[in-house]
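Student: All chains should be modelled from the sequences, with the hints used to inform the complete structure.
Number of protein chains: 2
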Amino acid sequence: MASSAVEYARNNQQRFLNELKDLLRIPSVSTLEEHKPDIQKAADFVASELRRIGMENVEIIPTKGHPLIYADWLHASGKPTALCYAHYDVQPAEPLDEWHTPPFEPTERNNNIYARGAVDDKGQLWMEVKALESLMQSGGGKLPINVKVIFEGEEEVGGESIDAYIVKQKAKLKADFALVCDTELFAPNLPTLCVGLRGLVYTEIEAKGAMTDLHSGVYGGAAPNPFFALIEIISKLKDSKGKILIPGFYKGVKAPTKDELKAWKRLPFNEEKYRKAEVGSKVLTGELGYSVLYRTWARPTLEVHGMPGGFIAAGAKTVIPAKAAAKVSMRLVPNQDADDVFKKYAAYVKKLTPKGIETKITIHSKGPAAVVGTDNPYIKAATEALHDTFKKETVFIRSGGSIPIVTGFQDVLKIPSVMMGFGLPDDNLHAPNEKFHIPNFYHGIETICRFFEKLGEK
Amino acid sequence: MASSAVEYARNNQQRFLNELKDLLRIPSVSTLEEHKPDIQKAADFVASELRRIGMENVEIIPTKGHPLIYADWLHASGKPTALCYAHYDVQPAEPLDEWHTPPFEPTERNNNIYARGAVDDKGQLWMEVKALESLMQSGGGKLPINVKVIFEGEEEVGGESIDAYIVKQKAKLKADFALVCDTELFAPNLPTLCVGLRGLVYTEIEAKGAMTDLHSGVYGGAAPNPFFALIEIISKLKDSKGKILIPGFYKGVKAPTKDELKAWKRLPFNEEKYRKAEVGSKVLTGELGYSVLYRTWARPTLEVHGMPGGFIAAGAKTVIPAKAAAKVSMRLVPNQDADDVFKKYAAYVKKLTPKGIETKITIHSKGPAAVVGTDNPYIKAATEALHDTFKKETVFIRSGGSIPIVTGFQDVLKIPSVMMGFGLPDDNLHAPNEKFHIPNFYHGIETICRFFEKLGEK
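Protein sequences appear in the order of chains S and B. Going by my numbering, the first sequence opens with residue 1, and the numbers climb by one from there. Going by my numbering, the second sequence opens with residue 1, and the numbers climb by one from there.
There could be a bad hint or two in this list.
Where chains are identical, the list cannot tell them apart; a pair therefore holds if satisfied intra-copy or between any two copies.
To be verified - Simulated crosslink set (SDA-like; lysine to any residue; CA at most 25 Å straight-line): (1) K282 <-> G248; (2) K344 <-> E232; (3) K360 <-> V283; (4) K36 <-> A314.
The set of hints was computed from the structure by calculation and includes no laboratory data.
Tutor: Spelled out as C-alpha cells, the structure:
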C-alpha cells in the first residue's frame, strides 16, 4: 500500500516535471564566467521552492565562487537527521551541434527528458525537493525525520566552496547521514546504491616556446614548438597499455576485497553490449588483467580532455604557436593521496619538459576517492525503500566518477553518505543529449519518501 | 640620377601608402569561409586599380576557390615579358588579443605599417602595382617591357586554382621570367634575392574513438581517448632531436652545394641575436650538426599547428571526447616529392594508429621545394636594380617558407622566378602584429621601376 506521501507524489507528477523543466531552462554552467548570473538565478529558483514547501532557515550563502543553498526542518525530536545534498550547476553543453534539441530547452522524447543537467544533477536535486514537499504535505506540515539541506553550485568545477563551508560549519551541518542523489542505477529497474567513488586531480599544463607565434616555414627547424613539447611529455605519462608512468603514482592503491570483486562478477554486465551501445568504439582500452568494472571503478586513470592553442579553425595556418596547453586529469582510487599524486605528477612533467620550453602546471580541482561501509542503519533503510519501489534486491556498486563532497562528509562531518541515484548508464551525462528517464524521476521521489518514513518509524 | 619613374614614385609616396591602407582594411582571409565576400572585395579593389593605371585586358577570373586577377600590357615589341605575381589573400589574424592595434585597421608606428597582410603580401602586391603606375605615367602611357600580371587569392591555402590555371593557360601566361614579390631582405638595408624555397605538405589527422563524448570518471579506463591516440602517433613522427621518423622520408633530399653553404656562412647572421630577438625562446631546437640557416632553409621539418577537439575553454570539463584532430605539416626540400612524402606519412600514421581508434587523414595543401639558378639575365638585372636602390651587393638566400607557384612557373611555364621581396625578418608574418617597414615599401617600388627599365634598355 502506498504511503500518503507517495500518493501525494503520484498525484503531482506532471507539475513536478514541469517545475523541473523550468529549472533546466536556466543554463547554470559553473565553469564559464558568462553564466554567473544564471547560477544565481538557479540558486534563487531552488531556494524559493524550499521556502514555499515549508523548509525553514532557507539561506543563499555567498562564497568566493558560486552560492550554497541551506535549509532545514528540525522538529522531529528523537529522530535521526538527514543532510540532503545535490548540486544545481551543470557541465558546459558543447559541442552544441551534436544535440538533437537545444540543451537548455528541455524536451520530452520516449519517456525521457532531454536537457543539460537533466540527470546530472538538477533532476536528482528536484527529486529531493519534491520528496520533501510530498512528505511535508502528507504529514500535515511535518517531516518524519529531521532534515538539513545543502545544495552547491560548483560540483562540476571542484566544489571548493562547499569543502571550505563544511569545515567551518561542522555544528550547523551536524547530521546522522547524508543523502547524496548524483549517481545512477546499474541497469534499468535494478535498485542500486553506490558505495565507492574515484577521486580526481584535474590539471592544465601550459607550455611556452617562442615569444610570439611564428611562421612554420621561416622558423620550422629552429623554433621550439610547444605542441611537440606537450606531446612528448604526455606520451610519457601513460603507456599504450594504459599503465601510468609517473614514478610512485600507484603508491597506496588499495584493491577491492575479494567479496566485492565476486559480487561485481554477478552484476548484469555484458562487456560487448557496453562496448557497442554505451561506448560505441571498436575496442575497449585500458590495463590488461582487469575487468571493465574494475578498471573504471577501482583503478586510477589519466586522460587528456583538450589541447587549447595554435590554429584550430577549419583549414590551414602555418604557425608555430608561442604557447599551447593541455587539460590533463587523473582519477584516483582508495588510498591514493590527491596532494601526493599532484606533487609527483607536477615534478614528472617538469622533468619531461624539453629544453627551450617553459611549462606551468595549474590545478582546476582535486579530491580523493571515497568508500562507504554497508553495515549502517541508513544504508539498510535505503535498501528497504528501494525494495518497496522496485520489488528487487539492491546491488552495491562503485562509480568511476567523483563526488568530492562525499569524502568531505566522511572525513570532516564523520557521517556516511547514502549515494542513491536514479540515472541510467546511457543518460549521456557530460555529453550531448543528456537525458533523465522520467519514470526514474518519479521512482526517486517515491523512494526518498519511503526511505525517510522508514527512518521516522524506528 | 633618379629615373623619371622613380621620381614619380617618390612624389606619390603618401598616396601610394594611403591606397595600401584601404586594401589592408579588407579582411581577405582565404582559409575562412565567412570571409569569401572580403576576398571578392579585395579582388575588385586590385582589378580596378590595374584598369585605372592603364593595364589592359584586366580580368577577374572565377575559380573553384578564390578568383585570380589577370592584366597585361604587351606593346614593347622586341622587349622581354615579365609575369608579375603576388597574392591578395591573407592569413587569419587570430589570436586577436595579442594585436596592439586591430589587424584590419592599418596603423603607423615607428615608420612601420601594422596590419594583417601588410608585408604578406598586400604591401608587396601594391609595390608591383605602384611600380607599374610609375613606369606608365613617366613613360607617356608605355611600359619599358611587356608585362603580364597574375595575382591570386589562395596563396595561404595552397594555391590550387592558380596551379590549375597555369597548366591550362600556358600560352596566355607565356613570359620570359616571373617577378615574385613575397619574400624578405636578409637584414635591414641588405639587398636580397631569394633563390630557393621549401615545399609544404599540410595535413589534418582526425581521430575517432567512442561514438559520443563520454564522462571521464565513468568511462576512464575503458573508453579510447582520441587525444591519446594522436599524442601516441605524433610522438613517433619526430624524435626529440628533430629527426623525422617516417620511413623513407629523407629519400631524395639534396644538400646545398659547398659554395652555397660557404656563402651562407658569410651572411650577417648572429644565432644568439636571432634566438633572443626573433624567436625569443630559451634555446633553439632542431637537428644537431646543421646550422640554423641550413635547418630552416634546406632541411625538411614536421610541425603541429593545432589540435582541435575536446574541451578548450577556460576551466575544467571531465570529458573523453569522441573525436579530436591534429593539424600537422611537413616542409620539404629539393628533391623530395610531395606526393611520395604524403603517401609515406599517411601510411605511417595509419600504422601507428592504436586499436580502437579510426584515423582519417586529409590534405590541406601540397607543393614541392624550388631552387632558381642565378645565371640568367633577369636575376642579373634585378641585382643591378637592387644595387642602384641600396648601394650594396645583393646576397642570395633561400627561404624556409613555400611559394608553391614558383615551382609551377619553373615546371609548367619553364621560366625562372625573380624572388625579390622587401619584408624584414621581424615583420611577424602569420603572427600577431604583422608589419611592413614603410621605407621598404618605397624601396620596393623604386627597385621594380629600375629593374624593368634596365631590361627595357637591353
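Student: A separate judgement is required for each hint: does it hold in the structure or not?
Tutor: Going down the list of hints, with the structure as the test:
For a Cα distance limit of 25 Å, the shortest separation of K282 from G248 qualifies neither inside one copy, at 32 Å, nor across copies, at 31 Å. For a Cα distance limit of 25 Å, the shortest separation of K344 from E232 qualifies both inside one copy, at 18 Å, and across copies, at 22 Å. Proximity of K360 and V283 under a CA criterion of 25 Å is satisfied inter-copy only: 18 Å between copies versus 35 Å inside one chain copy. Taking CA atoms no more than 25 Å apart as the test, K36 paired with A314 passes between copies only; the shortest distance there is 14 Å, against 31 Å inside one copy.
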